[in-house]
Amino acid sequence: MDIFTSITPTPPAPGPMRSVLQMLKAIEGVEVAILLAHVDGPFFEIVEATGASKIVGSCIALAPEGTFPPAGRSTSDLRMPTAFTLMSDKRPSWIGAKQLTGTGLRLVALCSQNPPFLESQLEAVAATMAELDRHGAKSELERLQQDRISALIRSLPVPFVFVDAPATDALINADARALLKLSPTEVGVEQIASALRHLIQSQGNAALHHQLAADPRATAIFYAHHYGRTYKVDTQWIDDGLEGRIWTFHDISEERRLEEELRVLASTDHLTGALNRRAFQLAFKSEIARCRRYGVPLSLIMLDLDHFKRVNDTYGHQAGDAVLREASNLIRSSLRDSDIFCRFGGEEFALLLPHTGMDEGTVLAERLRYAIAEKPVDVGSAMVPITTSVGIADLLSPTDSIDTMMRRADEALYAAKAGGRNQTVSASQG
Amino acid sequence: MLSSVERPIGGKLAAHLRATMLGTVGEHIVFSHGFGTDQAAWSQIAPPLSLGARCVLFDLPGASPVLPVSFDERRYRSIAGYADDLLNLLDELEISRCTYVGHSVSGMVGVLAAIEAPERFSKLVLLNASPRYINCPGYVGGFETGEIDALLEAMSSNYQAWVAGFSSLVMPAGLPSALADFSAGLPSMRPDVSTRIARMIFQGDTRHILPQLKVPTLLLQSREDVAVPPEVAAYLLAKIPAAELKWIDAAGHLPHMSAPDQVLEVLRGHLY
Numbered sequence: 001m002d003i004f005t006s007i008t009p010t011p012p013a014p015g016p017m018r019s020v021l022q023m024l025k026a027i028e029g030v031e032v033a034i035l036l037a038h039v040d041g042p043f044f045e046i047v048e049a050t051g052a053s054k055i056v057g058s059c060i061a062l063a064p065e066g067t068f069p070p071a072g073r074s075t076s077d078l079r080m081p082t083a084f085t086l087m088s089d090k091r092p093s094w095i096g097a098k099q100l101t102g103t104g105l106r107l108v109a110l111c112s113q114n115p116p117f118l119e120s121q122l123e124a125v126a127a128t129m130a131e132l133d134r135h136g137a138k139s140e141l142e143r144l145q146q147d148r149i150s151a152l153i154r155s156l157p158v159p160f161v162f163v164d165a166p167a168t169d170a171l172i173n174a175d176a177r178a179l180l181k182l183s184p185t186e187v188g189v190e191q192i193a194s195a196l197r198h199l200i201q202s203q204g205n206a207a208l209h210h211q212l213a214a215d216p217r218a219t220a221i222f223y224a225h226h227y228g229r230t231y232k233v234d235t236q237w238i239d240d241g242l243e244g245r246i247w248t249f250h251d252i253s254e255e256r257r258l259e260e261e262l263r264v265l266a267s268t269d270h271l272t273g274a275l276n277r278r279a280f281q282l283a284f285k286s287e288i289a290r291c292r293r294y295g296v297p298l299s300l301i302m303l304d305l306d307h308f309k310r311v312n313d314t315y316g317h318q319a320g321d322a323v324l325r326e327a328s329n330l331i332r333s334s335l336r337d338s339d340i341f342c343r344f345g346g347e348e349f350a351l352l353l354p355h356t357g358m359d360e361g362t363v364l365a366e367r368l369r370y371a372i373a374e375k376p377v378d379v380g381s382a383m384v385p386i387t388t389s390v391g392i393a394d395l396l397s398p399t400d401s402i403d404t405m406m407r408r409a410d411e412a413l414y415a416a417k418a419g420g421r422n423q424t425v426s427a428s429q430g
Numbered sequence: 001m002l003s004s005v006e007r008p009i010g011g012k013l014a015a016h017l018r019a020t021m022l023g024t025v026g027e028h029i030v031f032s033h034g035f036g037t038d039q040a041a042w043s044q045i046a047p048p049l050s051l052g053a054r055c056v057l058f059d060l061p062g063a064s065p066v067l068p069v070s071f072d073e074r075r076y077r078s079i080a081g082y083a084d085d086l087l088n089l090l091d092e093l094e095i096s097r098c099t100y101v102g103h104s105v106s107g108m109v110g111v112l113a114a115i116e117a118p119e120r121f122s123k124l125v126l127l128n129a130s131p132r133y134i135n136c137p138g139y140v141g142g143f144e145t146g147e148i149d150a151l152l153e154a155m156s157s158n159y160q161a162w163v164a165g166f167s168s169l170v171m172p173a174g175l176p177s178a179l180a181d182f183s184a185g186l187p188s189m190r191p192d193v194s195t196r197i198a199r200m201i202f203q204g205d206t207r208h209i210l211p212q213l214k215v216p217t218l219l220l221q222s223r224e225d226v227a228v229p230p231e232v233a234a235y236l237l238a239k240i241p242a243a244e245l246k247w248i249d250a251a252g253h254l255p256h257m258s259a260p261d262q263v264l265e266v267l268r269g270h271l272y
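Line by line, the protein sequences are chains R and U. Going by the working numbering, the first sequence opens with residue 1, and the numbers climb by one from there. Going by the working numbering, the second sequence opens with residue 1, and the numbers climb by one from there.
Just so you know, the hints here were simulated from the structure itself, not pulled from any lab data. Among these hints, one or two may not hold up.
Unchecked claim - Computed list of lysine-lysine pairs in DSSO-like fashion (alpha-carbon distance at most 30 Å, straight line): (1) R:K375 <-> R:K309; (2) U:K239 <-> R:K25; (3) R:K54 <-> U:K214; (4) U:K239 <-> R:K54; (5) U:K246 <-> U:K214; (6) R:K90 <-> R:K25; (7) R:K375 <-> R:K417; (8) U:K239 <-> U:K214; (9) U:K214 <-> U:K123; (10) R:K90 <-> U:K239; (11) U:K123 <-> U:K246; (12) U:K239 <-> U:K123; (13) R:K25 <-> U:K214; (14) U:K123 <-> U:K12; (15) R:K90 <-> U:K123; (16) U:K214 <-> R:K90; (17) R:K417 <-> R:K285; (18) U:K123 <-> R:K54; (19) R:K181 <-> R:K232; (20) U:K246 <-> R:K90.
Modelling step: build the complete structure from the supplied sequences, incorporating the hints.
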């Protein structure tokens, strides 16, 4: 069965029940044939009736409950619902009623004279109808369940695909169709499966594809970048009456973008784009551990703009900001990708240089000092020359820590300041 | 006077229908009211008659202002349900034979019950009854389908306003006290139930069953009844095998309330 064509509910089959009632009515003497469904207490709903144009309401109360249905019999001494009389045009002279075994239904035949059929024939009709009802009820139930599942999947707020175990049938909702870029004509299970394969493989998730092929019951969660969006894809095997693989997709593009934005916001200095002090500390921690583990050198440069307060006082804070930005740009352009650059506070910067010893670090420090000094900053009203004082320290022993390295670099910077500024001082190595 | 004291009677169904009896001797006269009233509609008819007869009064569930505790609307989706009630009530009260007086919808209830169990009725009196309210080819019922729809629509959308309009329609002008009786009942009915019952009454059609009625029937019909035109009375007279028609010289749909003396006089002439 193709789920995509069966999504439209089909109306219940126009009653074979009605046909049987009509056949019963065609027997001479039979005035009305009625099918009643027991509702509760004395109440019976009229399911079908011949000559239903005679309005009797939809419900018939049969009291007392125990005396109905009577065996086929004359009605002369029998109290019947007046509705039967109304439906027959006159008081029926014979009534036959049978319970349809295994159902809540009752068949009633109202006759204007003693009919030419036997009790057992009425029984046979009732048995036929009970059989019809069982079939009808079963297919109705199946249809209902199918409809319910389809409706449920249609209204799921996430893209959803189900491919059954033998891969002969698939259920998919509109969101998933859009995500997989399936055209309206691509409704076959093969096309859906192919789109899923494409999604996995285009992600370089070939290993995942192999894994799922090798173990059809594997559960996997992976991320897929698909047509500019990022999805968290969850796929698992279900075997719960329905057997097959379900796929759900959670579009996390926005989440990812926000995460990245927050990460940048939280870790960088707004003015210069350099890392802030907190982020630098974190990076320092992991770098120092890594360099210690692999026994590679690590240098730390502390760099301070000379007489920065004077720039602010003379040219204003905007000029001060321009100087900070310009100095940051110059520093950043001289760094390698692996170097870590931080605005430590005020006009002080810190640079962490992995895989770099004191000698190399000093060369870089001097290069930075020259680069900055050579290029006065245009603050609009003037070209402001800037010099820097630099202190540098390197990782000494496996016991050296962030604190001790920082202290040595700071001391070197202080020495550079004390020595007249515009110079680089290396921390003592002992 | 002892005979004019109402006594509650009977068992479970009689309690459900709030049945009461007036009088202690003579034949049984069962009174059944129409839509929008209750057994008090007979307050000017039954007491005088109870001197020589036992008058049984009761309320039609859903058609009278107060719903019985055990009301189940499913039982009353067809007027056949009321006919069943009537016959069961006679069983319960062990009334083997009676005269039945039914107003409006209760007229047809009596017709059905008398077709079902003719041996239980010596005579039917139908007061302003109608087997069908809607006109159709060859039949004048008094209303076009659209009019009934509008009436029912008005009823379900603004019940209180509908009550005011309907009361003045069915009662003749210049009879404020009777009108007050009638319109006092309607507003206290439950709009959802009374709308459903009204729909059942106004959309029903029991014409096909009339030729089956074998019990002698007296038709009483007032003039200028907005609910039942004169053609309907003529139709009933033609279709019911043993019928007689008496005109009441009063206007409105409720002659037993607006012209009780005339109704009483005709009844006296026919009952004893």
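What hint numbers does the structure not satisfy?
-> none
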